[in-house]
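Now for the letters of each chain:
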Amino acid sequence: MALLATQPAVSAYTLLGGKWNYTSLKIYKHTGYPELNYAAQSWNSAGTKIYFSVTYDTSSEIAATSYNYGNTGWDGATTLYPSSSAVPYTSASVYFNEYYVAGYGSQKRQSVMGHELGHSVGLGEALGAVLMNPTTQGRYDWFHVYTPQQDDINGVKAIYP
Amino acid sequence: MKRRIALGLAIATIALFSAVAYSTLGFQHPPSKTLTLDVSWARSYDLTSLSREAELIVKGVVIGERALSEYDLSFTLHTVRVERVIKGSLPTESSETIIVLQTGGQVDGTMLEVSDDPLMKPGDTLILFLERYQQGFADKLAGTVFVPLGGPQGRFYLQSGRVYSAGEVYPRAELVTRHLKTGGVAEEQFVMQVQLLMGYPE
Chain S
318 MALLATQPAV SAYTLLGGKW NYTSLKIYKH TGYPELNYAA QSWNSAGTKI
368 YFSVTYDTSS EIAATSYNYG NTGWDGATTL YPSSSAVPYT SASVYFNEYY
418 VAGYGSQKRQ SVMGHELGHS VGLGEALGAV LMNPTTQGRY DWFHVYTPQQ
468 DDINGVKAIY P
Chain H
1233 MKRRIALGLA IATIALFSAV AYSTLGFQHP PSKTLTLDVS WARSYDLTSL
1283 SREAELIVKG VVIGERALSE YDLSFTLHTV RVERVIKGSL PTESSETIIV
1333 LQTGGQVDGT MLEVSDDPLM KPGDTLILFL ERYQQGFADK LAGTVFVPLG
1383 GPQGRFYLQS GRVYSAGEVY PRAELVTRHL KTGGVAEEQF VMQVQLLMGY
1433 PE
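So the protein lines, in turn, are chains S and H.
Position in the first sequence (from 1) plus 317 gives the number in our numbering.
Position in the second sequence (from 1) plus 1232 gives the number in our numbering.
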């Protein structure tokens, strides 16, 4: 573990292959965590065309919920419809696993939520000190990343130039 | 007429055997829709942390599967016939089999699969690093259910007596299992390494 933490933060974004037809996306907030708003704001200020509005509108493009799924190993998950490689996406569901996120500090929770919002616009996983690092331990505990990094931003700009 | 009856009996026999095969091996009809789940894994594991933290480490074969849904997501309960216990002990209520829960599964014609955690299949021979499934919907499940540590990180595939990480078998799991590559070491060598790491000081 220490070995990884001392490695240079080499990364390269990956893409899921799909995209939305528009860049202003509403998130239906079905969770009490304010970190969802913080994560959305961090993406909004990242300098891409993506703009998230967190709402209580059930007709939003993205639905974000939290629930205790138990120790399944994952703390956040995203499903894109009709598929992750579809153009365009028609909706997305984002899930936060209370088993893990309830015990996280605020920034760590934001790290998970920001990561899933990255998936919700078509970003895949990437290595190193980036928001799209596939593990929360790697992303936050080792690299302290909880907002979009340049590689994440480059990925979104590649999808939505 | 006799020919028709014979043909009907033949078709019924084939259908019966097919149904038995589906129910015992867990095979399902092809899904009408496939969705992927892109997840954030809570932990990163290496072989040391897997060996130390697993409550149960077994070699086993997947012999059945059953899907269920919970709060908008689907899951699969795999029945694994244990061939060897490397660490821990099997639950008292079962003798040779354990139940392993994995996120993803086919419910109502829709297959949901975690993008970097391909579903285990009947016939897969694996070495699994497990912990008891707790909280969530554990109280709805009968008996003791286990989950692999860190999804694809907690399972290794046995092929021709050699051990491979999930990422060496499925390229899409490669990124999250990059610290766990085995290069296809012999089973005994892998087990010895795990046993050594189990007692390795913190």
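Bear in mind the hints are in silico, worked out from the structure with no lab data behind them.
Wrong hints could be hidden among the right ones.
To be verified - Reference excerpt, derived from the structure (chain S facing chain H, CB under 8 Å, subset only): (1) Y339; (2) T340; (3) Y355; (4) S359; (5) G364; (6) N385; (7) A394; (8) T395; (9) V404; (10) S423; (11) E442; (12) Q454; (13) G455; (14) T464; (15) I470.
What the hints assert, rightly or not - Here are the simulated DSS-like pairs of lysine-lysine, each with C-alpha atoms no more than 27 Å apart in a straight line: (16) H:K1353 x H:K1319; (17) H:K1265 x S:K343; (18) H:K1291 x H:K1265; (19) H:K1265 x S:K336; (20) S:K366 x S:K336; (21) S:K336 x S:K474.
Since the structure is predicted, the reported quantities are computational estimates derived from the model, not experimental observations.
Using N, Cα and C, we set each Cβ at its ideal position, and we do this for glycine too.
Structure-based check of each hint:
1. Y339: At 21 Å from the nearest chain H Cβ, Y339 (chain S) fails the 8 Å test, so the hint is violated.
2. T340: violated (20 Å)
3. Y355: violated (16 Å)
4. S359: Nearest chain H Cβ about 15 Å off; hint violated.
5. G364: violated (23 Å)
6. N385: This interface hint holds because 5 Å falls under the 8 Å limit.
7. A394: Given a least distance of 4 Å, the restraint on A394 (chain S) holds.
8. T395: The hint holds - T395 (chain S) has a Cβ within 8 Å of chain H, the shortest such distance being about 5 Å.
9. V404: Not OK, violated: V404 (chain S) not within 8 Å of chain H, min 15 Å.
10. S423: violated (16 Å)
11. E442: Constraint on E442 (chain S) satisfied, holds at 5 Å.
12. Q454: With Cβ-Cβ at 5 Å, under 8 Å, it holds.
13. G455: Nearest chain H Cβ about 5 Å off; hint holds.
14. T464: violated (15 Å)
15. I470: It is violated, given that the least Cβ distance between I470 (chain S) and chain H is near 19 Å, above 8 Å.
16. H:K1353 x H:K1319: holds (23 Å)
17. H:K1265 x S:K343: holds (26 Å)
18. H:K1291 x H:K1265: violated (33 Å)
19. H:K1265 x S:K336: holds (19 Å)
20. S:K366 x S:K336: holds (13 Å)
21. S:K336 x S:K474: Within the cut-off at roughly 12 Å; holds.
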